[in-house]
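**Q** From first to last, the protein sequence lines stand for chains Z and S. Everything in the first sequence is counted per the working numbering, starting at 28 for the first residue and increasing by one. Everything in the second sequence is counted per the working numbering, starting at 18 for the first residue and increasing by one.
Keep in mind the hints are simulated off the structure, nothing from the lab. In this text the structure is predicted, and so the values were computed from the model without any measurement. Glycine included, C-beta positions come from ideal geometry on N, C-alpha and C. There's no promise every hint is true.
Residues from chain S shown here face chain Z by an in silico Cβ test under 7 Å; the list is partial [what the hints assert, rightly or not]:
1. A92
2. S297
3. L298
4. A301
5. A304
6. L305
7. A307
8. T308
9. Q311
10. V316
11. A320
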Amino acid sequence: MKKIEVKEVDFYYGKFHALKHISMEVEQNDVVAFIGPSGCGKSTFLRLFNRMNDLIPGSRLTGQVLIDGRDIYAPGVEIDRLRKEVGMVFQRPNPFPKSIFDNVAYGLRVNGIRDKSFIAHRVEEALKGAALWNEVKDKLKASAFALSGGQQQRLCIARAMAVSPSVLLMDEPASALDPISTAKIEELIRELKKEVTIIIVTHNMQQAARVSDRTAFFYMGEMVECGETKMIFTNPSKEATQNYITGRFG
Amino acid sequence: MRKLFEKIVQWVLTGSGFVTSIVILLIIGFLFTEGAGLFRGRVIEEGYVLALNKENPVSRLTAEQIKGVFDEDIANWKEVGGPDLPIETFRLEDVDRYFSEEELGPQYERAGEAIVGWVEEHPGAIAFVPRVMIPEEADLHYIEDRTISPAEVFAGAEWFPTATPAPLFGMLPLLAGTLWVSLFAILFALPFGLSVAIYMSEVASERMRSILKPVIELLNGIPSVVYGFFGLIVIVPLLQQGFDLPVGESGLAGSIVLAIMALPTMITVAEDAMRSCPRSLREASLALGATRWQTIYRVVIPASMSGITSGVVLGIGRAVGETMAVLMVTGNAAVIPTSILEPLRTIPATIAAELGEAPAGGSHYQALFLLGVILFFITLVINMSVEYISSKNK
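The shape of chain S in the complex, shown without the other chains (with noise of 0.2 Å):
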């Protein structure tokens, strides 16, 4: 009876365990196919063409040059590689504009005709339309479609991903904005998380830890909206008259609210692995004559180096997946930041901003996936090397 009830527990706990991988490895492989596909995703958008003049040699454009064609920045062909001639270009939404009711039909039934003719008369002419309402055999010259590829979007520097007629999938400004915002937090985190740290492990009584202690682990409790809020609404103001910025949402403002969400994590663990510092070990170095500080700071926080390494990566890892408070506060300009005092955007704030617009299975829905494969992969790294470090102290 007692050998089956064993057996039972064994099973069941074998089988948890075995859900609970399985769960996690279908996660991440969900994300990676989701993020994959983006790379199957064609650059112009689906079911559209882009038709040009027969006479236009031009026969590939980037996306970043589709775009600037047609907001207009860039104004002559030969600026892509073609003839000296000014550029025309035509929305579906200007049919209207172009050409009168009659021209085009009650149903728009002739609205392919005339858009074909249209672009047969002009030679700078490009038209972004459906391929449906093109006749087959209309004599037109057409952009090259092809799948995006991973350069422009790993190294791409603009993310535009509702631009048309080609969207823009470029993640630097989200990489550069994440890794920008994180560092700035553990940089001001750092010295402060690990001041405190020392003091309520070293240097405070008994009755002050037992206060501190529970109030920053309280800290630890608060939602991320709260503190987002708190920076939205003290953080910010004071930036932009401290600094007299045009803005006061910036990566300087998000970076202060990760800092503060990333202390009580770093403060905890770190001040456990250094009042777990075996009393041997400081005993051993007072006994050699020995101060107090120099016990600390070349026996305690060498020996604790591995716990405090973790309580500072764990506060990495809170900013670099912090999404709500970063959202609020960082104003969410979605360029590569040149100075902290910037608004930026961060990965885990575009997911989540973006997310419930882009529809599903599009290539704007599959560009925020690669995000979160990129997010997975920096935490990855992430705690692998505090892995390595630990493993290296030992």
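Bound-form chain Z, shown alone (with noise of 0.2 Å):
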């Protein structure tokens, strides 16, 4: 089942053209990365999910992208509704100042949730399954501060998924962490990915053939391929990918 469709999509920062002339698929349930050198437009791409890129002043879109068959860029979605389907985990731990369980509130409280037996559920749903319940579970009043970056890492995948989101975006979300808590977050996805579709965007090759089943290549701009994992790794259609997945560049 399609989750998410991309059709023809150009986006520009002002007069920059971030991205060329986009399309592509993506499956119900599947973890897709996102690979490129730095500046490839990757990030921006994954920023188009839940229209985090409206905060530039001066962005520009055209073309479609549509989730569950809706256009998000119609006139009248409500933005705030899109980000509550589509989460979003980013590069470096970003929980707020307040208490553990504060964190994985918040969606659910700004989302205008007040039934406090509900959210001390959800709260430990999600902290479950963001691998952190047994961790945090004495300790659910201190401060989001006091926990180590890995934990930090997953107390946001945790807030992200409180929400019950049906997308999860992930902008580079072990690239701040040590190995064995990039580790942690990897087989985390490996996990939610049966609730959610995943999209990640990644620096690590690795990372990306470990847990992805699709991977897109993108390069100034333009989505150079996409397809299965495997296919990318061992097989690539185009030179600049080979190239790219080899070192030769990037």
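Hey, can you piece these two chains together into the complex? The hints should help.
**A** Laid out in structure tokens, this is it:
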């Protein structure tokens, strides 16, 4: 089943043509990895799916981005509803300066949920889902800053998952973490894909190979190719992809 | 050569730090020693005595009672624990009204005897005279002189530093005036300051901000006397008409002027704090489906709380210590205010207005230093509470 469809999207920052004529599809419950050198547009592309780029003045989009068949850039789309549906985890762990519990409950609260027992239940579920529950269940009132970097990032994943999104965007979620924390995040991604469709931007090609079902390679604002991860890494059809994954540039 | 240069730089830096600290400590020490001197001062003016008829058993009077007696508010000895006798006061200034020139002698050489005689004749008499005028053999009874006690200073409700024979140094009215004006100033400034700070950091376009910010910072550079002038010409008459007051100079006028003066600091510091709230936190909040306003009041404001509080407290600091503008618009009545619409007087205004007239080294002078010490403690408490609040937020 098609979860996301991108149809002939061009994206501009002012005069800069950041994304050139991109079309792609994402199946439900797939993990799709975006790879490519810095500045290739992969993060920009990721941020189209929850309209995070709207925050940048002078940005402009043509084409269509459909999630569950609905164009998220159509007039009348409520951006906060969209963002509840499409969660996001950022490159650096960015917990709020609040308690662990309040961090995870934040998304529920801003979406108007007042029922305390429901919130407590969802917080527990989300923390369990992010494999963090056992480590923090005795200190839910402690500041989120008391956690290690890897724990903070899993907290951010729990925070995103607490509002039950159907798509999770991850912008280099392990790039600021040590190898052990990275392994935990990757394991988590394999778990989470049962519930959500995941798009992950990564600089680490082994990581893309390990966690993703499909991989898209971006270069200079264009999507060079997109296909089964195995295919991309073993037998890419484009020379640029071959050069990048073998480390000849990037 | 370079080593030597670095050594010299290090020496200069250490030396300047040392000198600065010493100077600050000296200033504080000076303030404290001068202020504490007040408690070694005497209730009755130096070199004078209060002489009574020897039949009169009263020997202790508080400074307030002495003032009451000489202001003729207290007319009978029984009001101060003595016999039922009307009080007859005598001040040295009145000497020519009581006695003829012959009785006093051409050089006033017999004045002492005359006064002693007068006191002996009048059982209800109390005379305020220099000690040296009284002959040693005189059979009189004196009011016991003692040092000024901290209780009558810190809990005293009357500030009357120029009263004779016993000045009153009750600091409550000044303390209350300062706190009262500052409190209202903050109440006025807080909502405006925060709204403008939020507007500038979150809502205003870059163009608007680039105009507004320098304008607000310019307000910080206006001398306080100009604000006072503005208050006197504009705010005072407005209040007088608006509230139908006998005089427009009031605590309210002071609070409004102070609020205007505290605004620029408050806005600038709070705005900077909110703008420095990391973009990643805003994005995290927005990405969870929070609206812009939810992000502002649930994430941006709490995250920049320590900066916002510093802004507010710097504003309070300005309000507490501000002198000139307050002196000009509050009416300077040293009474404990019961309403913000009454004239009142603050600590800094008192120091500024009275230090010029207080003889150096006298009780009045020392009392003003003690006010300085109190002001110092108020600021210290404010600063420490800021430290506490911001450390708690981290």
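**Q** Look at each hint and say if it fits the structure.
**A** Going down the list of hints, with the structure as the test:
| no. | hint | result |
| --- | --- | --- |
| 1 | A92 | 68 Å, violated |
| 2 | S297 | 4 Å, holds |
| 3 | L298 | 6 Å, holds |
| 4 | A301 | 5 Å, holds |
| 5 | A304 | 4 Å, holds |
| 6 | L305 | 4 Å, holds |
| 7 | A307 | 4 Å, holds |
| 8 | T308 | 5 Å, holds |
| 9 | Q311 | 5 Å, holds |
| 10 | V316 | 6 Å, holds |
| 11 | A320 | 5 Å, holds |
Violation of the numbered hints given earlier is confined to hint 1; every other hint is satisfied by the structure.
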